[in-house]
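> Note that the protein sequences, when read in sequence, are chains C and L. For the first sequence, position 254 matches number 254 in the working numbering, and the numbering has no gaps at all. For the second sequence, position 289 matches number 589 in the working numbering, and the numbering has no gaps at all.
Hints listed in this document are in silico derivations from the structure and should not be mistaken for laboratory results. As the structure is a computational prediction, the values presented were derived from the model and not from experiment. All C-beta atoms, glycine included, are put in the ideal place defined by N, C-alpha and C. Be aware that a few hints might be false.
Stated by the list, open to error - A short, non-exhaustive set of chain C residues, derived as facing chain L with CB atoms under 8 Å: (1) Asp4; (2) Leu7; (3) Met53.
Unchecked claim - What follows is a list of derived Cβ distance ranges for each label pair: (4) C:Ala278 - L:Lys368: 51 to 61 Å; (5) L:Arg302 - C:Ala117: 12 to 22 Å; (6) C:Ala278 - L:Ala465: 47 to 57 Å.
Stated by the list, open to error - Negatives, chain C to chain L, calculated, CB over 10 Å: (7) Asp32; (8) Phe152; (9) Leu155; (10) Glu162; (11) Gly199; (12) Gly206; (13) Leu213; (14) Asp228; (15) Asn229; (16) Gln235; (17) Val256; (18) Ser263; (19) Glu270; (20) Ala278; (21) Leu283; (22) Asp286.
Protein chains: 2
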Amino acid sequence: MRDDAALVDCRPGYRLVATVDQAVEGVHFLPDDPPDLVAKKLLRRNLSDLAAMGAVPRHYLLTTALPKSRGDEWLQGFAEGLADDQRRFGIALLGGDSTSTPGPTALTLTALGEIAAGTELRRSGAKPGDRVWVSGAIGDAFLGLQVLRGGFPQLAPEHRAELIARYRLPDPRVALGPRLVGIANALIDVSDGLVADLGHVCEESGVAATIRLASVPLSDAAGLLVADNPALRAQLATGGDDYELLFTAPPERSPVIAQLSASLDLPIVEIGSIESGAGVRLLDADGQPVALASGGWQHF
Amino acid sequence: MRDDAALVDCRPGYRLVATVDQAVEGVHFLPDDPPDLVAKKLLRRNLSDLAAMGAVPRHYLLTTALPKSRGDEWLQGFAEGLADDQRRFGIALLGGDSTSTPGPTALTLTALGEIAAGTELRRSGAKPGDRVWVSGAIGDAFLGLQVLRGGFPQLAPEHRAELIARYRLPDPRVALGPRLVGIANALIDVSDGLVADLGHVCEESGVAATIRLASVPLSDAAGLLVADNPALRAQLATGGDDYELLFTAPPERSPVIAQLSASLDLPIVEIGSIESGAGVRLLDADGQPVALASGGWQHF
Chain C
1 MRDDAALVDC RPGYRLVATV DQAVEGVHFL PDDPPDLVAK KLLRRNLSDL AAMGAVPRHY
61 LLTTALPKSR GDEWLQGFAE GLADDQRRFG IALLGGDSTS TPGPTALTLT ALGEIAAGTE
121 LRRSGAKPGD RVWVSGAIGD AFLGLQVLRG GFPQLAPEHR AELIARYRLP DPRVALGPRL
181 VGIANALIDV SDGLVADLGH VCEESGVAAT IRLASVPLSD AAGLLVADNP ALRAQLATGG
241 DDYELLFTAP PERSPVIAQL SASLDLPIVE IGSIESGAGV RLLDADGQPV ALASGGWQHF
Chain L
301 MRDDAALVDC RPGYRLVATV DQAVEGVHFL PDDPPDLVAK KLLRRNLSDL AAMGAVPRHY
361 LLTTALPKSR GDEWLQGFAE GLADDQRRFG IALLGGDSTS TPGPTALTLT ALGEIAAGTE
421 LRRSGAKPGD RVWVSGAIGD AFLGLQVLRG GFPQLAPEHR AELIARYRLP DPRVALGPRL
481 VGIANALIDV SDGLVADLGH VCEESGVAAT IRLASVPLSD AAGLLVADNP ALRAQLATGG
541 DDYELLFTAP PERSPVIAQL SASLDLPIVE IGSIESGAGV RLLDADGQPV ALASGGWQHF
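With the rest of the complex left out, here is chain C (with noise of 0.2 Å):
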């Protein structure tokens, strides 16, 4: 860094939106996990939660601390992800630490997005009479790690590798999340699980959601398990990583969000509804409540 610290300008009537996010070699990613991977995965955790709040990505600044034992190439792999990803999503890096470490390789990310003032989305804005919906689809990250550990042996390898991908490498749904800006009531990336997610989204607001499992959006490989194994779709709901966008809105917006879905090439539906209450139920295609094993969803 050629200066102690790092200056961002902040055009008026604009906030600067802040958000730090860790990734610890054995907690996050796998040794060989490929480096211009893991890098990429760390920063887009970041940018989904900017979009999370409908901002717009600009800066970011990175600590490192990696052992010894971590050589040039993958520190070379790691900066070309992260080039790559500086490239797609128009963000800079401000600037950083690094550090050696007698333990495991260790990455944390903090991302500054701008939105303009007032315009933020919450978890708290979610109102009875809202319809929820999310965006792409759900489950496939937990898939993918599952197969990464051998399971689901009759997949097809393109299946398998489409789910592998989802798992390593979010999308985040940066275009998505400034224009909701005036089309969401409350607002949330999938990143604990959608069931999880939505716990949040519904405590912050003081409400009750119901989400009809059959209703939330499956890849084509995902669907494929499901048809084998039906009690698999729970699980999807509760996985997590998923990085999608959940959000409520009144169900007189549901017309320009079908637009803005087309205009984005991104599939958005809705899944359940808000009600006054607490929790979040989810019923099966008979309307019968699904029990659920947890609420959420654990890094390995």
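Following the hints, position chain L against chain C.
Then chain L, alone, in the frame of chain C:
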């Protein structure tokens, strides 16, 4: 965190200043170091970086990666240290992330400050003819680490305790930094060591510096050790972890610097001058160049 990311207000006409530092067990602190001091030192290193831009600290984000062996007691001490220093320095925790780790405790802290746009102080502003000034005393942290390792048994217990305290708990010059706006041409904090950090200023400014070693300010304890062993004086100038402010300013600003020193009750002494050229020269009391073993300082 109640939302995915934290909002930061920017006052019109101001910029944000961002910096990040890490503390890894076994690199930046020892396993048995008191947790409140580990917290405060990490925070204060960042505050020193903000002061070195002339910025006023406002917010911070924190990540913790903790092994299971770190019990609640350690975390409570760590949190108490942060709470103390939040009050002392008038800053607020914006958000963060915590995880477990199979390795040593690893902490990062991102600090955000603000400064009126256009008044930022940089390393690159030093001009030939400037004088070089430094706050406080140099070398205590270096000596404190030696004392912790059993060095300097001849020192009185109170002096040993003072040096250890200066190593464990820097006193970042947060009041001085912003007051140097309009006075200093270049500013940096002394973290790598006086010579190395002045070297950064010279490199970024395209100038040379000459320091009179006898003018470098020492604490009473350091002065006693240097009286016993004059060769130690040059080591102190290449030590590190001082977190004093080092700046250059035109000679005619000496009176206002003397006033500032008095009003802050903080010694600020002139130790040398800036010339055209490159590099840092140290002169002994006879005006002879002092050879340096190394230009900087390494963590243990």
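> Does leucine 213 (chain C) sit more than 10 Å from chain L, CB to CB?
Nearest chain L Cβ is 25 Å from leucine 213 (chain C), so the label holds.
> Does 51 to 61 Å hold as the CB distance between alanine 278 (chain C) and lysine 368 (chain L), or does it fail?
33 Å, violated
> Is the nearest Cβ of chain L still more than 10 Å from the Cβ of valine 256 (chain C)?
Non-interface label stands for valine 256 (chain C): nearest chain L Cβ at 23 Å, farther than 10 Å.
> Given leucine 7 (chain C) was flagged as interface, is its beta-carbon under 8 Å from a beta-carbon of chain L?
This interface hint holds because 5 Å falls under the 8 Å limit.
> Checking the smallest CB distance to chain L, is aspartate 228 (chain C) really beyond 10 Å?
34 Å, holds
> Verify that the Cβ of phenylalanine 152 (chain C) lies farther than 10 Å from every Cβ atom of chain L, and report whether the claim holds or is violated.
At roughly 27 Å from the nearest Cβ of chain L, phenylalanine 152 (chain C) sits farther out than 10 Å, so the non-interface label holds.
> Double-check aspartate 4 (chain C) for me: the hint is only fine if its C-beta lies closer than 8 Å to a C-beta in chain L.
4 Å, holds
> Taking the minimum C-beta separation from serine 263 (chain C) to chain L, is that value above 10 Å?
24 Å, holds
> Is asparagine 229 (chain C) truly not at the interface, in the sense that its beta carbon sits beyond 10 Å from all beta carbons of chain L?
Given a closest Cβ separation of 31 Å, the condition holds.
> The output says glycine 206 (chain C) does not contact chain L. Does that hold with a beta carbon cutoff of 10 Å?
13 Å, holds
> Is it true that arginine 302 (chain L) and alanine 117 (chain C) lie within 12 to 22 Å of each other by Cβ?
Holds, since arginine 302 (chain L) and alanine 117 (chain C) (Cβ atoms, about 18 Å apart) stay within the stated range.
> Confirm or reject the statement that leucine 283 (chain C) sits farther than 10 Å, beta carbon to beta carbon, from all of chain L.
27 Å, holds
In the structure shown, a violation is registered for the earlier hint numbered 4 alone.
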